[in-house]
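Residue numbers (the numbering used here), protein chains in the order written: chain A, 1 to 426; chain B, 1001 to 1426.
Keep in mind the hints are simulated off the structure, nothing from the lab. A hint or two may mislead.
[Stated by the list, open to error] Subject to a maximum C-alpha distance of 25 angstroms in a straight line, what follows is the list of computed SDA-like cross-link-like pairs (lysine to any residue):
#1 Lys1232(B) <-> Ile289(A)
#2 Lys1232(B) <-> Asp161(A)
#3 Lys228(A) <-> Thr203(A)
[Unchecked claim] Just a sample of chain B residues kept apart from chain A, beta carbon distances all over 12 angstroms, derived:
#4 Gln1052
#5 Arg1079
#6 Pro1098
#7 Glu1146
#8 Ile1252
#9 Met1270
#10 Gly1395
For clarity, every value in this text was computed on a predicted model and none was experimentally measured. The beta carbon of each residue, even a glycine, is placed where N, CA and C say it ideally should be.
Residue-level listing of the chains:
Protein chains: 2
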Amino acid sequence: MPSRQVLLDEFQQISGRIFELYREINAHPELGLECHDTAKRIKATLKDLGMQEGRDYKLFGPFAQSGFAIVLYNGDGPRILYRGDMDALILQDLTGLPFHSTIEGRHHGCGHQLHSSLCTANAVLMHRLRKYWKGTCAFLFQPGEEGHGGAEKMVAEGLYDKLGFIPDKILFTHVFDQLPAGTVGLRAGETMAGAAFWNLTITSEGGHAGRMASINEVANAFEDLFYKLPTKFSPFDEVLVNISGRETSSVINVNPTKIVLKLSARTYQMPHLREIERKIANYIKGLAIIYEIPEDSFKLEKIVECQPLISDAAMEQSMRRFMTSLVERPEQVRTIVPIMSSEDAPMLAYQILFPDGSRRNIPILMIRLGVQDPDAYDADFKLKPGAKAPLVHTGHFAPKYEKALETGVVAIGGGLIEMFGDKVTR
Amino acid sequence: MPSRQVLLDEFQQISGRIFELYREINAHPELGLECHDTAKRIKATLKDLGMQEGRDYKLFGPFAQSGFAIVLYNGDGPRILYRGDMDALILQDLTGLPFHSTIEGRHHGCGHQLHSSLCTANAVLMHRLRKYWKGTCAFLFQPGEEGHGGAEKMVAEGLYDKLGFIPDKILFTHVFDQLPAGTVGLRAGETMAGAAFWNLTITSEGGHAGRMASINEVANAFEDLFYKLPTKFSPFDEVLVNISGRETSSVINVNPTKIVLKLSARTYQMPHLREIERKIANYIKGLAIIYEIPEDSFKLEKIVECQPLISDAAMEQSMRRFMTSLVERPEQVRTIVPIMSSEDAPMLAYQILFPDGSRRNIPILMIRLGVQDPDAYDADFKLKPGAKAPLVHTGHFAPKYEKALETGVVAIGGGLIEMFGDKVTR
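Chain A with its partners taken away, still in its complex shape:
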């Protein structure tokens, strides 16, 4: 079992190049499944840090266009998959950092530049510390996490067939905007909600704004109904809906011929998504009658759906113990609360087809990684009054990446190594 000092020393050896990778990816954000440049930068970093394909790891892919996996074989033992996602958001980078986004309207607002850098760093760490573990470790670099179904696509494209094994456990890291760099967060059970994303398209003939009815009114009526959907379920079932955006015209005096509403619903009770779809169908029928437009003026299209993240309790217990021994102070390992945001990582673990023909879930664990400025927090890890901690999915989000990556390698990477020797019975 490597000590904190060993891990810190290893991190010192590689951190310069990893920080560089972080800044490179941050400056060149890619969207959706098209993370080719990011993938190249990761592979170049592996090479720069002395890892040779074929000799030190085996490369698999591409999956979902630009995704790939590298697998480290290290004798008999557990088979664990650690995943990092790569894609950025359609957002203006407002950080003002020297290595800010060089591509207008794209920004790593969800920390995937850190996830992929950390995944790279931990692959190198595991390679360098082979003497501490036995087994097979896959590092999965995934594109299209942000509403593009990247995880589901990778599985559908035969990820596990091509790897030649189904992992015993899956781990991944996600930045956390509610904690300072230097901390990690864990929980067992319900962690992130399941979600579905739909486009509802409403079309009409349009016309002069001074003469004809606008489908804006229909869209607004639908939105009013949609936003009330949570009231149709028990509050115990935690249903959250949102309409993140609207594609429409912005022309003066001409009614839109097409409006697309970007719908989403989140819940830990997946059958509720089916009930929501049933209700949406009723809303469409009813609104067609009320507004006297053909029912086929409405088109509902599902963009992506993902399962809730139910963190494996045994993995959580083990990882908590491992990480607590690797951080400076035990209280740097925090317990997080369940949230209604979603992750597509559970799709790597959900109802996977095993060689015996059965479909089973793979135990999965998310490790939250604090990324905010430690000076903004008090001793109890509460944000100080007046202190700023920019939120994810905003243009100002800017992880304190050096400290966060150190913790990500020492605590999470170290914990990952220990997971190979984990004897906890589930």
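Please build the complex by placing chain B on the supplied structure of chain A, with the hints as guidance.
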């Protein structure tokens, strides 16, 4: 033609008893078609002022429960009907007057106590000034103007058959809360809108407020749609809708089993009321689907409908000339603007069945009577800044009845006499 002085002298003779009648009716407001007590007080006043049934007038009725007409025969000539309504409103009397309403929750908030007192006064005036006119004059005392279809019911019950004639002209007076006592108001053409009143009843099984959906949400959704109806018509067509009230439960923690929405729509284009009913039917169909309740949970019932008041242009021209010669200053005869409130008086004149089998409209004219405190208005009849003029259909509405009745007798009563000699060709 009686001079202003003659009319003033006559008014002096009768005003004491008329003011008393006004205060009596004001203190004992009756609702809907049940204006029996008011009718008795009017008949007693006629008697007190020397008019004997049979000798001086013939009594017809009852019509619409408590309505009646008295007819003064005075030789050959025009046959004119002058109408006063009698019913009060469900309103708290907040006037604080010595002769305030003695019946809790009832108030003459629409001036019908003044209309019926004035109708009584003008009947007496016409009797006393028989030498100035020739013809037949009917004074119609009508109950149930406030949403009870009194006018329509009187016609349906054979008013004109029983009178034995269809009037050549119909006049009526309505108080006006936008002008001071001492003024009258007139206009030709569109004057008051047509209207329909409906009850929309929504029923459900109710249930515990912590468990089941409430039909309040359905009612609110209907109201939102209903209030947007005017946007479905050209603004040139002046469509106004309102929901004046809601019958529902006020019990804590129990969802209502029944909600009644008091709908109304007003327009000068009566076919639009049919279009509104068609749309309401669609709203019901659509909402039944959206809220997953049976379509027969909704019941739409029309309470009353009345035609718009299109004031006869020739009558308006004549009456303006007559009244202008009878007021102190010509500018006391004002020109009013069309409004969206309704009157059921047009139902006395609309598509009446004539002996030749045809249906025709009778020329009709409303004369507005200012009732507010003259001191509250400037020389241009504009309300002075900060001055108060309580509106109709409020608990504070309190006509300056002495001055208003004087003007109502001298200008309107005098004008009515002159109308019998009117030679204006229509």
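For each hint, the structure was consulted:
Between the alpha carbons of lysine 1232(B) and isoleucine 289(A) the distance comes to roughly 15 angstroms, so the proposed pair stays at or under 25 angstroms and holds. Restraint check for lysine 1232(B) and aspartate 161(A): the C-alpha separation of about 60 angstroms exceeds 25 angstroms, so the hint is violated. Taking the CA atoms of lysine 228(A) and threonine 203(A), the gap is near 23 angstroms; set against the 25 angstroms cutoff, the hint holds. No beta-carbon of chain A is positioned within 12 angstroms of the beta-carbon of glutamine 1052(B); the least distance is around 62 angstroms.
With a least beta-carbon separation of about 49 angstroms from chain A, arginine 1079(B) lies farther than 12 angstroms from that chain, consistent with its non-interface assignment. The Cβ of proline 1098(B) sits about 52 angstroms from the closest Cβ of chain A, beyond the 12 angstroms cut-off, so the non-interface label holds. Consistency note on glutamate 1146(B): stated as away from chain A, and its beta-carbon is indeed over 12 angstroms from all of that chain's, at 32 angstroms minimum. For isoleucine 1252(B), the shortest C-beta to C-beta distance to chain A comes to about 19 angstroms, beyond the 12 angstroms cut-off, and the non-interface label holds.
Here methionine 1270(B) stays apart from chain A, with its beta-carbon at least about 21 angstroms from theirs, past the 12 angstroms limit. At roughly 35 angstroms from the closest C-beta of chain A, the C-beta of glycine 1395(B) stays outside 12 angstroms, upholding its exclusion from the interface.
Checked against the numbered hints given earlier, this structure breaks only hint 2.
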